[in-house]
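Go ahead and model the full structure; you've got the sequences and the hints to work with.
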Amino acid sequence: MTTDILTVTNLKKYFVIGHSGILKRKPITVKAVDGVSFTVKEGETFGLVGESGSGKSTVAYTTIGMYRPTAGNISFRGQNLFEGNRTRPLALKKEIQIVFQDPGSSLNPRRNIRQILELPLRIHRPGDNRLEEIVRLLEMVELPPDYMHKYPQMLGGGEKQMVAIARALATEPSFIILDEPTSALDVSIQAKIINLLIRLQDEFHLSYLFITHDLSLMRNVASRVAIMYLGKICEVAEAAEFFRNPYHPYTQMLLSAIPVVSEEEEKLKPKKIISTGEIPSPVNIPSGCSFHLRCPKKMDICSEVDPVMVEVEEGHTVRCHLYGQP
Amino acid sequence: MPSLTPESDWLQEEVNNVTAQANSLTLPKSKTMENIGRSWYKFSRNPMSIVGLCTVLLVVFLAVFAPLVAPYPEHAGAFVDFANASRPPCGRYLLGTDVVGRDILSRIFFGFRFSLTMGVVVLALVVPPGVTLGLIAGYNQGTWLDTIIMRLTDIFLAVPPLVLALAICSVLTPNLFNAMLAVSLMWWPWYTRLVYGLASTLRNEFFVSSAEAIGAGKAHIIFREILPNCISPIFTKMSLDMGWVILIGSALSFVGLGVQPPKPGLGTMVADGAKYLPDQWWISVFPALAIVVVVLGFNLLGDGLRDMFAAEEV
Chain A
1413 MTTDILTVTN LKKYFVIGHS GILKRKPITV KAVDGVSFTV KEGETFGLVG
1463 ESGSGKSTVA YTTIGMYRPT AGNISFRGQN LFEGNRTRPL ALKKEIQIVF
1513 QDPGSSLNPR RNIRQILELP LRIHRPGDNR LEEIVRLLEM VELPPDYMHK
1563 YPQMLGGGEK QMVAIARALA TEPSFIILDE PTSALDVSIQ AKIINLLIRL
1613 QDEFHLSYLF ITHDLSLMRN VASRVAIMYL GKICEVAEAA EFFRNPYHPY
1663 TQMLLSAIPV VSEEEEKLKP KKIISTGEIP SPVNIPSGCS FHLRCPKKMD
1713 ICSEVDPVMV EVEEGHTVRC HLYGQP
Chain B
14 MPSLTPESDW LQEEVNNVTA QANSLTLPKS KTMENIGRSW YKFSRNPMSI
64 VGLCTVLLVV FLAVFAPLVA PYPEHAGAFV DFANASRPPC GRYLLGTDVV
114 GRDILSRIFF GFRFSLTMGV VVLALVVPPG VTLGLIAGYN QGTWLDTIIM
164 RLTDIFLAVP PLVLALAICS VLTPNLFNAM LAVSLMWWPW YTRLVYGLAS
214 TLRNEFFVSS AEAIGAGKAH IIFREILPNC ISPIFTKMSL DMGWVILIGS
264 ALSFVGLGVQ PPKPGLGTMV ADGAKYLPDQ WWISVFPALA IVVVVLGFNL
314 LGDGLRDMFA AEEV
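Taken in order, these protein sequences are the chains called A and B. Be aware that the first sequence starts at 1413, since it is given in the working numbering, and climbs by one per residue. Be aware that the second sequence starts at 14, since it is given in the working numbering, and climbs by one per residue.
Think of the hints as simulated: they come from the structure by calculation, not from any bench. Do not rely on the hints blindly, as some may be mistaken.
Once the Cα atoms are required to be at most 25 Å apart in a straight line, the calculated DSS-like pairs of lysine-lysine come out as [unchecked claim]:
(1) A:Lys1506 with A:Lys1453
(2) A:Lys1438 with A:Lys1424
(3) B:Lys55 with A:Lys1562
(4) B:Lys288 with B:Lys276
(5) A:Lys1424 with A:Lys1453
(6) B:Lys288 with A:Lys1506
Footprint (simulated), chain B over chain A, 3 or more residues, beta carbon under 8 Å [stated by the list, open to error]:
(7) 1424 to 1438
(8) 1515 to 1525
(9) 1532 to 1544
Just so you know, these numbers come straight off a predicted model, no measurement behind them. Beta carbons: idealized from backbone N, C-alpha and C, even for Gly.
Have a look at this one:
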């Protein structure tokens, strides 16, 4: 029986972007994340998929502690990550690490690779021989040891991302958030990074929260997938099940939009649903189900009532009126 | 319990291997020389920066070795030679003599000493606290710490600098030290402002978020992650400010609140000669030109540095 490593319960994160009114000032908020719940199991890769602006990165940044949630809760192995008003204890920071999307801005251009990798070692593993450890970390991500004297600008995009991965590994974490780790890279390097991540997961029994907008990538790496739309999760399922039998119209739309080359691949996809429109602004979220403006199977109830999560099959939940209360 | 010996032996071997590797790592030659060469190329593409650099080097040389290079070093202090008073520029006194017969050229060389001391000391007093406050306020943007620090700088910036300096110098004894103190007091907010702008942008960079996620302390983030990215603009501003500080120092000397006679402050010399204009023009015109040369030199150098750093970013 696998245990839960990360539990997100009804997470909400609103950003105040301004005020309306002169006397009675009402804050204008962006509901970046609006009631998201999911669990990540020990040793699995949980995929979080969504268009840009769906709030998937906000979930990541809140988990790592860059934001405090407006409401809701995130707990790691049963321990609340936002207890009181204090900063997160070092022991917890050690366990949860993050790899950002753009390795160009996540590595300080004025510090060389040795200094970058030394920081987590100095803080979390004071006894170890740092130089040896840095060499070992670089080997782990398949970079030559003399890279430690280079500065980030001297490295290619893929190499930079490997350094970022090595830095995340340096604290010996058990849970790593991967915030679109490959979307800023060339396709040839993407495969290399993904293979590296899979190998490291096996080697160190890591759990990943893998955030991406690339559905076909999800198919290969994730064990379970959640689809986000406008700050809410609309469908959660096992990765295989998810591609075989998508329930939510939005998921069907996304899957049918995956570009394919051959006829056989085309046949595997659900029947073509033309994707219409763009994701609405999270400042003005549509009433009822936030997807109803773009939904091909829209019903009257959709624009009035926001649907709730329903378990349609074992381990497969959907938030849509089509699969209402049985 | 199973014996751990074979495994730990293997582990030991592995550790030895890694250690040996780490030791045998031939550290690649640092690229410092190459980088300096590239920066110099960017700097030297603008001939005016070279002019500025040469001027500054020349002035520094003359100031440091004033007793050796000045034709009449003894003329720097209280010296009187009425026989040669108010001589126009000639072969013996290249820039003429003042009303008590002191060689203007020698006094200008010594005057450089006071001007440079003023600039260096003021910047040394101003830059560390100004930069530190700016970093703290910028990193804690939006908090009460930010508000306090930035409102304080606003208050200091609202006071006319020269008036504040005049007030301080006239309340305390007018001398070089108090002039430096006064100028320092009104100069730091500019650095706080500059660094605040940079730091408040840099704190949103993902490398800062990474350091926070790792658990780095505030001191590390402020001084090791953010500060190194602010160095170029700070250096540029310092070299430009050198000129401004010297100018203000000369202005204070001119009104008698800086360098005190018989010491040869450039401003003091201009003031002394002003009474004898236009007939004995050389007494004040040459020290005034000396001020122009120093200030211009530092400004050109600053522009060159700015171009060099700007090119580096690309």
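*Where does the structure disagree with the numbered hints, that is, which hint numbers, in rising order?*
6 and 7
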